[in-house]
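Q: Numbering-wise, my numbering puts 125 at position 125 of the sequence shown, and it's gapless, one number per residue.
Don't take each hint at face value.
Said to hold, decoys possible - In silico DSS-like pairs for lysine-lysine, Cα to Cα no more than 27 Å straight-line:
#1 Lys67 to Lys53
#2 Lys67 to Lys10
#3 Lys83 to Lys67
#4 Lys55 to Lys67
#5 Lys19 to Lys83
#6 Lys83 to Lys53
#7 Lys51 to Lys83
#8 Lys10 to Lys55
#9 Lys55 to Lys19
#10 Lys67 to Lys51
#11 Lys53 to Lys10
As the list claims (entries may be wrong) - DEER-style ranges, computed between Cβ atoms:
#12 His25 to Thr73: 32 to 38 Å
#13 Ser29 to Ser117: 16 to 22 Å
#14 Ser29 to Asp131: 36 to 42 Å
#15 Gly43 to Gln100: 41 to 47 Å
#16 Ile133 to Leu57: 25 to 31 Å
Keep in mind that the hints were calculated from the coordinates and are not lab data.
Bear in mind that the values here come from a model prediction, so they are computed numbers and not experimental data.
For every residue, glycine included, the Cβ atom is placed at its ideal position computed from N, Cα and C.
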Amino acid sequence: MLSEYLIVEKSALPDYFLKVVEARHLLESGECAQVIDAARAVGISRSTYYKYKDKILEPSQLTVGRKASLMLTLNHQAGMLSKVLNAVSACRANILTITQSLPIHGRASIMLSIDLSQLTGTLDALISTLDGIDGVEHVRLLALE
């Protein structure tokens, strides 16, 4: 999963990436109430903002390795959640929150917020371990904090 990410010096990026970050700051601070206002203020289109807003993280938003949010799709069978939780525990990660959907068509989605501060191994290894559990159909990294 982490192989999908790069750390790039700002000077190597096109201007509009930095402007997306500026627009996000304007929205978060309340200086701009709407995306269109923030986009105009920094000189980008609204579509550019939406295209990249979830793809650009600043180091303050990505203190790599403390917390992660994962989405898993599980087969609906007894003990599946327990298998997942045991695997997370075996890697010395700590579950912060669990959100589970009702099973539909034999599948349920769960979202895990995990504290990685004591993790043995890498986040990629944890994701591979979870993905390798019989009955886990899909594991997706949603966020790092």
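Q: Hint by hint, which ones does the structure fall short of?
A: Violated hints (numbers, rising): 5, 6, 7, 13; every other hint is consistent with the structure.
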